[in-house]
Structure formats: structure tokens, C-alpha cells
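Student: For the protein sequence lines, the chains are A and B, in the order given. Per my numbering, the first sequence starts with residue 688, numbered consecutively. Per my numbering, the second sequence starts with residue 12, numbered consecutively.
A portion of the hints provided could be inaccurate.
Unchecked claim - Here are the simulated distance ranges between beta carbons:
(1) B/A21 to A/D918: 52 to 58 Å
(2) A/A1056 to B/D45: 54 to 60 Å
(3) B/S58 to A/F942: 48 to 54 Å
Said to hold, decoys possible - A few chain A positions that, by computed beta-carbon distances, are all more than 10 Å from chain B:
(4) G817
(5) S857
(6) G872
(7) P874
(8) G965
(9) L976
(10) G1001
(11) L1031
What the hints assert, rightly or not - Output of the computed footprint for chain A on chain B, the stretches with three or more beta carbons under 8 Å from beta carbons of chain A:
(12) 24 to 32
(13) 55 to 69
What the hints contain is simulated information worked out from the structure, not anything from laboratory work. Yeah, the Cβ is synthetic: ideal placement off N, Cα and C, and Gly gets one too.
The lines below spell out each chain.
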Amino acid sequence: MANIEKQRAIIDFTLASLMRRKGKNAALLVVYTLVVAALASVMFLTKSIRSEAAAVLVDAPELVVQRMVAGRHEMIPLSYVEKIASIRGVKSVRGRLWGYYYDPVFGSNYTLLVPQESPPEEGKVAVGQGVARSALAEVDNIMPFRTNQGALFTLTVARVLPAGTELVSSDLVLLSAGDFKTLFGIPDGMATDLVAEVSNLSEIPTIAAKIARLLPDTRPIARDEILRTYDAIFNWRSGILLAILSGALLAFFIFAWDKATGLSAEERREIGILKAIGWDVGDVLMMKLWEGAALSLTAFVTGVILAWLHVFAGGAALFVPVLKGWSVLYPAFRLTPSIDLMQLAVLFFLTVIPYTVATIVPCWRAATAAPDSVMRG
Amino acid sequence: MTLRASTIFATYTALGLLLLAVIVIDSSSRSVTDRQQLEERRTLVKSLSLTDLVLFTDARYTRHPSMADRHTPFQDYPLSLEHFPSGSLIPPPPHVRSYGKY
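The shape of chain A in the complex, shown without the other chains:
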């Protein structure tokens, strides 16, 4: 009990001492909090996108087969379906019709896709939330397109896809196979790519290798690779966002190191006086430990909460201009929070521990010297 009271007294004294240099310490606290918030925001955002991709794309096609001609992705003949279906272990193969359409009126890129199950009737489309927002389209509105021959081709919006699916459907325009072929002038017997289902998932690499041997102009992409793509892309250690942040982080380390290691004349005098009036080395070190802990704990807790609000309540608003790039059509970020103790522990050890330790070392040097020499400087 007496020890707790002693620690409380030391904390009271430390906080009062911090308040005496409030301008400098407030600036440090604000910078510290912002660095933690920025770093935590990147971690939260990338982890949530990775978790979302892992959760949603487990139902992606098991195997996609693309045809490559002169280094470019080309339309694939449906005659390849039979060849692939003849490989042992392949359960089913079918063609997918999809492509991109640039809308010059709104400056947006759409992904046009023909659903395999219950496609819209001829002349009708179902659009994603992003398309509806960008093209100001509502149900029963007409959307104008230009065919590959330059003719006007209008389609009626029959349905807007649910807002909850925006992260996978924002830029989609679903239409019938007939309308798709008319729009792009695609002959019968061709598809954008093929999707295959296999009987045994562990055989996917073998089947992919067989397809590549049987049809050398094709490139098979397994579901596992689709999943690994998002894991690699949004690994928080990669990407330019971290490159930018690492600059800020290094600047902060220099700032904190300078603040923490170089004791000011006033602080040295304070330590000298404390020792002269009877504080021992342990008490002085404890005071400095509390000083570092008070600043870094406050910055850590506030920074993490700010990051959570920024990413999950504010839709990562500060990162959107960076993430958006040249995209006109962009999904509203409604990410499911995916935060674990590991992430918080990494942040804690990256921010709180170095600062707290850095405050102790110079103080130990001053505290072990004779009070009169410290006071004289």
C-alpha cells in the first residue's frame, strides 16, 4: 500500500514536472500520437483488406485459364473447353464472358460481366453501387453505351446490387451474353477466359501443369494464387504507403531520441536538486520511467483509438486520395475490423518501448553523478 502511495506521489511529481514544460511536451505528444495513429491506420486497413479477401475469395473459381497471344490476354476459343475437360480430375469447364468498358461521359471504367446463373434479360442490366453512384443510375433508368462499331446501344437498369456487396461488385455491370457480344462484337464460340472445377483440390497444381502442357498458349491461375495475391499485395511491410510512413517514423525516432537522450540544463538541475534533498537514484530513475511511460502510453492509446475511428468509422478518409489513384469509380470502404493482439503488440514494441528506454539512459548518467556537479552542469 505504501509503495502504491509512493508511486502515485512520483507520478504526481512527474506530471507536474511535464506540465512545467507544457509547450514542448504537448508538441511531442501530438507528433507521437499522430505517428502511432498513421502506423496503426496502415496496419488496420491492410489487415482488414487481407482478411476480407481471404474470407470472400475462398469461393473464387478453382482454376482460371487465360489465353495469351503476343504477350496479351486474348479471347479463348470454346473448343479448348473439351480439351481441358478431357483431363482426368477436371469436373467441369465453362467459358466466362467479361471485359472492361470505359464510359467517356463519366470518365469511369466498368467491369461488364455475363452471369452464368440467371443473367439479366436482353436489354437489361444489373449494376453495382459504384456504377449507380458514378452514372447517377437508378432502377428503370437507361444507360447509354457505344458498341465496337460506334453505334448507340442503350440498356435499362433492372437492379442495383446490394450495398453490402460493394467491395466485390462496385464497378460491375451484369448483362446478358447476347448484349455483351453485340456491344463488343465478339463472335460466337469465344469467351474471355475459362473456369474449371476439379474433383480433388489437392490436384489443382497437377491439373494446371497438364493444361499448360496441353495448351501452351494458355496460362492457368489457381485459386490459391488468387488468395496469395491479396496476401502479398496488402502485406503491411510492402507498398509505397509504408515507404512514405517509414520516413515519418524515422523523423519521429530522431525527434524522440533527441528529446529523450539529451537532458536539458533545467532537467539536469532538477535531478541535482532532487538528489540533494534526499531522493535516491532509484527514485529519480522511477520518475523518468513514469515520464516516458506517461507520454508514450497516452500517445499509444490515443493513437490506436484514432486509427480505429479513422479506418472503420471514417472509411480511411485520409488514405482514400492515395488509394484512389486515377479511379473515378471507387467503392465506399466498409471494412470489417480485423484486429488482433499481435498487431497491437507489434505497435506497442515499435513505439512505446523504444521511447521509454531512451528516456532512462541519460537520466541514469545524471542521477549517478554527485548532486553538486549535476547542478553546476
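We have chain A already, so just place chain B on it with the hints.
Tutor: For chain B alone, kept in the frame of chain A given last:
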């Protein structure tokens, strides 16, 4: 009676840590609505055979990174530099880099 500075600090830190605990617990046990929406997205991915998330719609290799081909960086002319900002945010998918796997 004025509150001691240590009491204010301890209360603020304890409340903050409590909030952090709530954040972690909340993310590990999301509400039914979130699970329903996730199920909705999964159903759409399955029925439409989708392969990618809609994150960047500015270029085809950023809209569908998993479908990007090996010649993507040179789509305009040999040695052309990446000019879409989002192309700089995302590195090439691992299977594009492991050339000649199949």
C-alpha cells in the same frame, strides 16, 4: 476536492486500455449483420465466378491484380514506366513473379 494528476492519468490509461480490449474483442466476434453481409459477398463471388476485390478501377491490372499478365508493365511500349498511382501501391502478384511455374 481537486483530483490528483495521478488519478486522472490512471483513469485515462485504464479507460483507453479498456477501449483497446473492446476493439480487439469486437473484431473477433463481429455482429450477425456483418456475417450476413460477408455471406452475401461470398454468394455473389461464387455465383459470378469473381476473382478480385474492387479496390482500384483505374487500370485492368489494378482492378484484377490476380488476373494480371506478365507483360503488364510493358503494355504501352517496352521499358515503359508504371504510370497509374495505384500500380505503385501494389507490387506484382507472387505467381507473376515465379515465372515458368507450370
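Student: Taking the closest pair, is the beta carbon of A/G872 still more than 10 Å from chain B?
Tutor: 19 Å, holds
Student: Would you assess whether A/G1001, listed as outside the interface, keeps its beta-carbon beyond 10 Å of every beta-carbon in chain B?
Tutor: 15 Å, holds
Student: Report holds if the minimum CB distance from A/L1031 to chain B is greater than 10 Å, and violated otherwise.
Tutor: With a cut-off of 10 Å, A/L1031 comes too close to chain B, as the shortest Cβ separation is near 7 Å.
Student: Residue count check for the region 24 to 32 of chain B against chain A: does it reach three with CB-CB under 8 Å?
Tutor: holds (count 5)
Student: Using the Cβ atoms, figure out if A/A1056 sits within 54 to 60 Å of B/D45.
Tutor: 59 Å, holds
Student: Find the nearest Cβ of chain B to the Cβ of A/G965 and say whether that gap is larger than 10 Å.
Tutor: Given that every Cβ of chain B is farther than 10 Å from that of A/G965, nearest at about 21 Å, it holds.
Student: Using the C-beta atoms of B/S58 and A/F942, is the stated range 48 to 54 Å upheld?
Tutor: 53 Å, holds
Student: Run the C-beta distances from A/P874 to all of chain B and say if the shortest one exceeds 10 Å.
Tutor: With a cut-off of 10 Å, A/P874 remains clear of chain B, as the shortest Cβ separation is near 22 Å.
Student: Tell me whether the statement that chain A covers the region 55 to 69 of chain B is true, taking a Cβ distance below 8 Å and needing three residues at minimum.
Tutor: holds (count 15)
Student: Verify that the Cβ of A/S857 lies farther than 10 Å from every Cβ atom of chain B, and report whether the claim holds or is violated.
Tutor: Check fails; 4 Å does not lie beyond 10 Å.
Student: Minimum C-beta separation from A/G817 to chain B exceeding 10 Å: can you confirm that?
Tutor: 7 Å, violated
Student: Looking at A/L976 again, its CB stays over 10 Å from all of chain B?
Tutor: 14 Å, holds
Figure legend: structure checked against the earlier numbered hints; hints not met, in rising order: 1, 4, 5, 11.
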